[in-house]
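Novice: Now for the letters of each chain:
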Amino acid sequence: MFCFLIAILAVFPGVLALHEFEAGVVDWHKTLVGVPLAHSPSIASVFHRVHDTANTTRSVILTATRSNVLAALNPGDGSVAWRHIFEPEDPVVAFHRQRDTVAALSGPGGATLRSFSALTGSLLLETRLHDPSSGHLSEPIDVGTALALQATESSQPDIIVLTDGHSVRRIDGATSEMKWGWTSADQTSLVIYTKLVATPSTIYLIGLAKSIKSNTLHITSLSAATGEVIEDVSVPSHIADGPGDVIPLTSSSDAVPRLAWFDRGVIRSMLLTPDLKDKPASTKEARYRRIIDIGLGEGHGMFLAIQGDGSSRVFRIDEEGPGVKAIWEFADSAESNRNAESVYSGGLDKDGYPYVARVFWSHVLAKANAHVFVPHLAEGQGLVAGFAFPFDTRTHGIINYVAIDNAHHGGFQVLTRLFLTTTTGAVQLWQKDSLQWTREEGLATIGAVEFVDLPEEKVVHSSKSEVFLERVVRHFKDAKDFPSYLIAFVNRFLTGSYETPSSALPFSANASGLLTRDTFGFRKIIVVATAAGKIYGLDSTSGDIVWSRVLGLGWAGEIGATIHPVKIYVTRTVADGDTPQVVVVTQRRAENTLIDTVLFHVDALTGENARDSSSSGEILQGLDIISGPLVDLFFLPEKKVIVLIDEFLGLHLYPDNGATDEAFAKVASSLYLPLRAGSPGNRRLVGHKVHPNPELHDRYFASPVWTTAFPASEDILSVIRPSNSQPVASLGKVLGNRTTLYKYLNPNLLAVLTASKTASQCSIYVLDSVKGSVVYHASVPGASGVCDVKANLVENWLVYYYYNGEINGPGQTKGHTMVSVEFYEGSKPDDKTGSSDMSSYSNKSINVSVYEQAFLLPYGITALASTSTKFGMTTKDIIVANQNHQVQSIPRRLLDPRRPKRKPTNEEMEEMLIQYDPLLPYEARSILSHNNQVANVQRIVTSPALLESTSLVLVYGLDLFHTRVSPSGTFDVLSENFNKAQLIFTVSGLLAAIIITRPMVRRKRLREKWYQ
Amino acid sequence: MRFWFLTASLLSLLCSVFALDLHGRILWNEVCRGAQELGSAKAILDQGKLQGGVKWDGTFVIHDVHPGTYILSVLAHNYTFDKLRIDVSDSDSLPEVRPYIPGTPLSPPSQIMLPYPILLSARQKNSYFAPRQSFNLLAMFQNPMMMMMVAAGVMMLGAPYLLKNLDPDALADFKEQQAKMTGIQNSIQSGDIKGSISALMDNDDKPRSTGVSTSQSNQTPTKGRGKGKRR
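These protein sequences, in sequence, are chains A and B. Mind the numbering: the first sequence is residues 1 to 1012 in the UniProt record's numbering, read in order. Mind the numbering: the second sequence is residues 1 to 231 in the UniProt record's numbering, read in order.
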């Protein structure tokens, strides 16, 4: 054991660990929350102000997002005050806030109730209301759930919660005990309760009863103290749309609440009294199109109605008269071709006065406009403060939601803060017309990523011959940089402040403002495509956005569409002599369910369209290459050709010109494509060969050659291609006894993950993709019926992870298992078959010996990848992202499948093998993400730097994290620990010794000569 | 109405198979003093399908745990916790809690039983950073290699003065010894092992039997040669 510990310590040398001063210098981290949801008022983002002391208030922006996160943002700088990440099977459906408490419902039908402290996010309460599997699944997901908070004497308010459309509970906010519960007697009836109005004495449940034509209102009143039913009535009504047409209104005074609903063009309303006897009142004319809940119904009794011409009116409870009355009509709010559609929102100020904002894009001014209606000013008559703000619709898309916060500085001075979300996933805060901050939350939905090398900084010489005078002038011009160069040189020489791999890189750009490469090649452009329809170029050293482009929808722009990125390819690199270019392959799903495959070809340094020279400010338009879905795609790196395969197995080339056609014709006969065929749940892997199309000249199609012989019950989940384009530095491994294991380097290897439908079993296969022969196969148990196997294949090394939850006998354990498998040629060492350039049809092609070993991990992992370096000489470590929101590196030596299960012999020690231990240690210093939380990681991408020792690692999912790793230590640069002072001290010590001893020795010599 | 609710919940209880709620608590200690330090944390069973968030007071509840054997772990970003083995049986209304060392077999189970509700405390705070090595003159001289070097240097410088102060007889003795040693070294270097051995033997005051000396001379050459080669 002791030996083992020593061995482990030897494996984790200081080089792997990060120094504190390097944190945040060699890495960067973006904490994201996701694109805010806005489909319903119960989930939409709001400003929330908390009185933290008697006179001061703090506010946060509460937002629930598509990434299933409930978060609070600081309005001052846009930082994340706190966030709670919900599990994928537990979607957040509604949240409600009061004072310092935020209550949130999540899961199907509202299965789980949690409450948080609004400012710190600490979890105050978590309780299960019903089993999620029995929850009512509704569409949209929030129907049938509602929350209300009611202040009590204790520190925490009681939570009244409606779940599943028919259960109501009152829960003590401090102890999470249920005070009472009520379930509708007849659960099979067609009444689904959707809203909840809580007064100190009575709880009103507002439901919709389904009838043939439309819905009718159904209201039940319960006693707030005991939960007993007081009255239960059906209100004759006609509600066409659903819960959005019903708005409960309470006013700030202790007046009786009122319920307003939209009924065939008129707005009707009734008082909510415990006996529910009030007769509904109605507006006079049937002139309205719909009503909008602007979040001011509760406490302020206000809502908004859109009239037939599109103009909007603000309504409020009429405390004198019956029903509700219009108190304001927004001027010029009718539909016109001068303005885009308006977005409405309600908000408060510090004193609790309500404000209503209308935000719209003006085509005429090419600016966004906000009109804020302030009801309490001008002696209760109300007034509107308007301003225009320079929203950049070309980079951020269209505003789709607004929340407001206000401050009233006396008189008619109103200051409004607008929190807005856009269609591209940007989140912005505007204070009147100045932009305070922008968060690119679209980056939480990354679909494809590629690293692009930057060009070197070139000395700008004019190549044309210059006259002597011109050259002298140029030299004089250049000489102005000499003093700074001299200072830098002297400084570098004296202090030893060299550029090291862990020093911060200064921003470098060449004369035309483009990014240039740094000494070690750490600076690259990371091209990122998001599901929010935008592509970004990120600086890999800082994470800053260098450029971004909104992807155009093409013909589908009229009806709306979403763009899903599939893959990014670098079609022109710096080595080709010009600026690098990338092609983003996407699938566009239009609202009418038509799917097209669209390519976007851009310059990686600027984001300019590389297909034609459209202006950079415009939306990027793509090329519809296939009018239909994409089946598979691959890239021929030598020819820089992207080959796309449509559903009819036709091949499409991009770029498609004479040169690429010719290049493709040469390689076409040797192409073998393993494609997934069949419907989801029943997919098979079918190998295809490429043939020229006899009917169409210069066209190719794929025809099936082989099918995998997997059991029929197995469905193919994913195909893992080896992390390609990495050079192999050594063909074999020399063992301690001077024999060699030759790596099995078949270039056509593929890993395939399958799930079996009958038994909860997952399989992993390694195939030769040319003829479909199985090189390796393993079956692993699926954790509770779900196959969650992660795998990585690089060179001859396969690593896969699964959760082993089965105990089949004594001596076994449950655990997160990582299996390391290595393939070597032949059946024993020194067997050489030349797998790297052998034909796949050779008999020897699957003559492979397999070494494998399983290890236990302390935590589950969500993604894994191996590091990649320029020449492939550096050891390949495995980078994993674990459940605990950390990114960890596992040294290759620990994962060596040839680790002996006894004390290593001398020969094995020579190979640096350490004794096998089933448990991979959890070493905090191997955690690359250190203090940062990197949540819900989807994928890890690695890319080589110019330094052979160093690999760049990008981790994405919810958050973005980027760092540099050097698995074998930074052997090619002077270590950061290199002690220049010690060296100088030693050298000067020796110098001093020589100076002292020299005269002594001379004297001695002289004496020897005299006296000998 | 309460009646209705009770019947509904009773019915749902009858329909579902036996399952219990696991209650536990994180005890604050000097490693982790409170919920603010701990941050967002959760307790999970096995791979995380069943889980419960750690609340502000350190308590957590994992709902609907069916009979079986589970491993409970606490996910907290900056702290490491022990893992526990939880056995839920349908006969007993209380689960059995045992310590669990990762990587050890689940059966036979450990004999040690821990109390229920589960009590856990943070084992250690993760330290992600390696301390930076800085230059320290004292530390440099505390290094044994450095000390040996310094000692050797002092010896080298000090030897002449030492010899000067020795009395003439001892000096003569010393010189004789030194001459002998150089003689042996020279003969080893020139490959004359026998000579060197005999020189050594001569040096020895005690008389030796020839048998021993020959056996020695038979063994030593290989060694000596080997050494010589390695040099």
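In case anyone wonders, no lab produced these hints; they're calculated from the structure. Glycine included, each C-beta is placed from N, C-alpha and C at the ideal position. Among these hints, one or two may not hold up.
[Claimed, not checked] As a list, the in silico DSS-like pairs of lysine-lysine whose alpha-carbon atoms are at most 25 Å apart: (1) A:K743 x A:K901; (2) B:K175 x A:K757; (3) A:K814 x B:K49; (4) A:K828 x A:K901; (5) A:K1009 x B:K175; (6) A:K210 x A:K279.
[Said to hold, decoys possible] Partner residues aside, some chain A positions facing chain B, computed with beta carbon under 8 Å: (7) A23; (8) E126; (9) K432; (10) T813; (11) G815; (12) H816; (13) V819; (14) G872; (15) L919; (16) N931.
Novice: Look at each hint and say if it fits the structure.
Specialist: Here is how each hint holds up against the structure:
no.	hint	verdict
1	A:K743 x A:K901	23 Å, holds
2	B:K175 x A:K757	93 Å, violated
3	A:K814 x B:K49	14 Å, holds
4	A:K828 x A:K901	19 Å, holds
5	A:K1009 x B:K175	20 Å, holds
6	A:K210 x A:K279	22 Å, holds
7	A23	7 Å, holds
8	E126	5 Å, holds
9	K432	35 Å, violated
10	T813	5 Å, holds
11	G815	7 Å, holds
12	H816	7 Å, holds
13	V819	15 Å, violated
14	G872	27 Å, violated
15	L919	4 Å, holds
16	N931	7 Å, holds
Violation of the numbered hints given earlier is confined to hints 2, 9, 13 and 14; the remaining hints are satisfied by the structure.
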